[in-house]
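Participant: Since the structure of chain A is already known, use the hints to place chain B on it.
2 protein chains.
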Amino acid sequence: MDARTTDSPEAWLRANRERLWEEYKELVRIPSVSAKPDHAGEVRRAADWVAERCRKAGLDKVQMLDAGGHPTVYGEWMGAPDAPTILVYAHFDVQPAEPLELWTSPAFEPTLRDGRLYARGSSDDKATLFISLAAIEAWITTSGRLPCNVKVFYEGEEEIGSPTLAGILDRHGDLLSADLCLSADGGMMFPDRPDVSVGNRGICKLEFTLRTAAKDLHSGSFGGAILNPLSAMAKLIATLHGDDDRVAVKNFYDGVRETTAQDRAELASVPFDEAAWLSGVGASVVWGERQRTVLEKLWLRPTLEVNGMWGGYQGEGSKTVLPCEAHAKITCRLVPGQDPRKVQEAVAAHLQAHCPEGATISVRLGGGGAAAYEIAPDHPALATIEGVLEDVYGMPCFRTRIGGTLPLCAVFKERLGLDTVPMSFSTGDEDFHAPNEFFREASFDRGLTAWARVYPALATLPRR
Amino acid sequence: MDARTTDSPEAWLRANRERLWEEYKELVRIPSVSAKPDHAGEVRRAADWVAERCRKAGLDKVQMLDAGGHPTVYGEWMGAPDAPTILVYAHFDVQPAEPLELWTSPAFEPTLRDGRLYARGSSDDKATLFISLAAIEAWITTSGRLPCNVKVFYEGEEEIGSPTLAGILDRHGDLLSADLCLSADGGMMFPDRPDVSVGNRGICKLEFTLRTAAKDLHSGSFGGAILNPLSAMAKLIATLHGDDDRVAVKNFYDGVRETTAQDRAELASVPFDEAAWLSGVGASVVWGERQRTVLEKLWLRPTLEVNGMWGGYQGEGSKTVLPCEAHAKITCRLVPGQDPRKVQEAVAAHLQAHCPEGATISVRLGGGGAAAYEIAPDHPALATIEGVLEDVYGMPCFRTRIGGTLPLCAVFKERLGLDTVPMSFSTGDEDFHAPNEFFREASFDRGLTAWARVYPALATLPRR
Chain A
41 MDARTTDSPE AWLRANRERL WEEYKELVRI PSVSAKPDHA GEVRRAADWV AERCRKAGLD
101 KVQMLDAGGH PTVYGEWMGA PDAPTILVYA HFDVQPAEPL ELWTSPAFEP TLRDGRLYAR
161 GSSDDKATLF ISLAAIEAWI TTSGRLPCNV KVFYEGEEEI GSPTLAGILD RHGDLLSADL
221 CLSADGGMMF PDRPDVSVGN RGICKLEFTL RTAAKDLHSG SFGGAILNPL SAMAKLIATL
281 HGDDDRVAVK NFYDGVRETT AQDRAELASV PFDEAAWLSG VGASVVWGER QRTVLEKLWL
341 RPTLEVNGMW GGYQGEGSKT VLPCEAHAKI TCRLVPGQDP RKVQEAVAAH LQAHCPEGAT
401 ISVRLGGGGA AAYEIAPDHP ALATIEGVLE DVYGMPCFRT RIGGTLPLCA VFKERLGLDT
461 VPMSFSTGDE DFHAPNEFFR EASFDRGLTA WARVYPALAT LPRR
Chain B
41 MDARTTDSPE AWLRANRERL WEEYKELVRI PSVSAKPDHA GEVRRAADWV AERCRKAGLD
101 KVQMLDAGGH PTVYGEWMGA PDAPTILVYA HFDVQPAEPL ELWTSPAFEP TLRDGRLYAR
161 GSSDDKATLF ISLAAIEAWI TTSGRLPCNV KVFYEGEEEI GSPTLAGILD RHGDLLSADL
221 CLSADGGMMF PDRPDVSVGN RGICKLEFTL RTAAKDLHSG SFGGAILNPL SAMAKLIATL
281 HGDDDRVAVK NFYDGVRETT AQDRAELASV PFDEAAWLSG VGASVVWGER QRTVLEKLWL
341 RPTLEVNGMW GGYQGEGSKT VLPCEAHAKI TCRLVPGQDP RKVQEAVAAH LQAHCPEGAT
401 ISVRLGGGGA AAYEIAPDHP ALATIEGVLE DVYGMPCFRT RIGGTLPLCA VFKERLGLDT
461 VPMSFSTGDE DFHAPNEFFR EASFDRGLTA WARVYPALAT LPRR
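Protein chains in written order, with the numbering used here: chain A, 41 to 504; chain B, 41 to 504.
Isolated chain A (complex conformation):
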């Protein structure tokens, strides 16, 4: 069907639905893994694909913004001089797909099963990126214009912590002035109930290597008289949490604000079923700080997680090796009030101070840290977006937070003075960052409708 035969953006989206779905799958097929240096070409290929798609949607000034890392795709439509400007954020890079053997269908071949499209990046974040762009195309194609000014900022290195985002803002900040950032990255709690996220945790990263000898040794010839780096690493990592499961690193909790009565009221309004949540995860018990609820722990409390730990022989059978090295990767999730650099340094200092005698430790501070972010509860964009979602879903919207990190929120606030509200149609059960990531086909349709409606709704947002 020819797009020009329809007259409203929503009708156009319905009429072109199959083509849009295929285009979205085309984007998902590009293995744009930003963490892997040998995949830089694929990240670039995804950037080119997105830029071309921006031009096709009718955006102007489509260009790559670059500060030495993976590029960001920028485009704009600025034809409404009296209306506010919305900066639309999303990212087209994805997490590594490993372990590949746990995927039911190939990680980069989108496969529809039971209304779910399985592929790495299908949910995080290529679905809502594509939706945000399709809604722009729908408006410009059917109406020749958008109801408000729109700038898109589609990033290529979110999954590695946006290491050059600050550099891009330094170089291209002038391009990016706006009244609000609407983020297509984020996620809702449920596939069939709307929520709006009012904050997210920050992050900092580090990794370390312990060494105890110059080479791997025979465990018979040397075992008992040379320190085993794996046992040493175990003892060291065991010092990072106390018996109360709190992080035992000095100064770790500096600046963390205590949960308020308003926080508790918001948490209480979330339809959270702890038993269902546990069973969805396949875990037997809730873990963590005493006297705090699950949502409080996930949204308002900082963490220290070991993301990887390894050394010695991992193959079939046994190898009687006394290895000479042990390795671990750590990230901390941060809450408002914590400084990512200070937390990173506190953890590094702890590791150095607790390194067992007989081992040397080298700690590498990771880049890409980000502060936590929260929006003022009375920000006018919140009510506007809640209204759009309540219409689309036909039910009340509640407020959530994101336990993960949207680094751009803190950076946009600090550099551009912009508040950010996410409007993603991914839901937390879609296994992003894990094997068999998927996106619900039904969310694709709800997302298209909501994004088609959010541009006119935000046209009345007060300008900054």
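Calculated directly from the structure, the hints in this document are not laboratory data. Treat the hints with care, since some could be wrong.
A pair counts as met if it fits within one copy or between any two copies, since identical chains are not told apart.
[Unchecked claim] With a straight-line Cα cutoff of 20 angstroms, these simulated EDC-like cross-link-like pairs (lysine to aspartate or glutamate) come out:
id, residue 1, residue 2
1, Lys359, Glu247
2, Lys290, Asp106
3, Lys359, Asp78
4, Lys382, Asp469
5, Lys359, Glu141
Everything numeric in this text was worked out from a predicted model, so none of it was measured.
Facilitator: For chain B alone, coordinates are given in the frame of chain A:
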């Protein structure tokens, strides 16, 4: 030169030295890697080569002993009815040669450089296997007989833990009755000073997996409220040793005999340079149980070593995963008095008992365990062999132990009632099990002389 023109075994060995050296290299060229299923044919080719060489040496009843694995080559000379019977042990299989890129010359092309013959198996154990056989040939060729009865037992699966050795003893134990086992496998501490090993440690193996959830999770979405299996594994492994670096597993030390005054005297007689040893290892300090010397810890004390430990993301950069599984492989080195099965069970029970709440543990007990072994210090064979070595080297012999495991020692003792004394001319620095394994040409000549002399020396050994 024709062998028949000489009149003593030692003279015959000198006269045939070049031919023997070439034959030894022929054996080394066969890549008899027992660990690789696709090399079974090469292990068989080595067995055939050894069997043919046994026939040529003048042994009778040469045959393959088989219990479903790689075969053992057996042969005998039983022409001295009043003399004792010596069972000569060696193995013709070798470790894998990988990583191949670290070899200076090809792993299976024996190459002489600076008096060292480089090749996989050149030292472990084809050198002394060949020497033991050449000395038999020297005696039978020059004298028409050996001074004592000799049975050879050349194994083809030592490097994979002798999985069918017990089966071979079950089937063919009658063939193997003897008064002493003289092992061509083992090793001396130094290339220019003789020693005799009077014991070796045993081994038991196990591995475990900790699980905390049904799948890998996003560390932002779940971190802080679901137990991290890597932190849990660290805490669990940290419980395996106390602050005093002793193994903290209940009943672990059951049956371990305390170091005696005689042990201390033997240890003190070893020319051991702790500083040189540490610097050879590239370690900064000696680790382990307090108030014990390095040699005591390596030879007379049991250990628990983590040989491998892993979980989560190990690649480049970072991945914000909260993994659902963690894994570790453990071996224990055992000393006389410890039962491998009981130690294995004690460690498994400790792991089960200390498994953190929120995790499930599955422990897999490994096969291939072996008890420790020691020979009585006043065993008459010891003085005899020490005498032979002191003559050949022209200096006093000291007593050592092996921190690693020679499973056959305990098995021969238990199944055949046989004590074992090693008389290998490999030395600990010859990188067996590593790239660029080598054997010293000078050790070849010393070995031939010593093995030519040990058969008559043992002819006076009391029969059992």
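Participant: Can you name, in rising order, the numbers of the hints this structure does not satisfy?
Facilitator: 2 and 4
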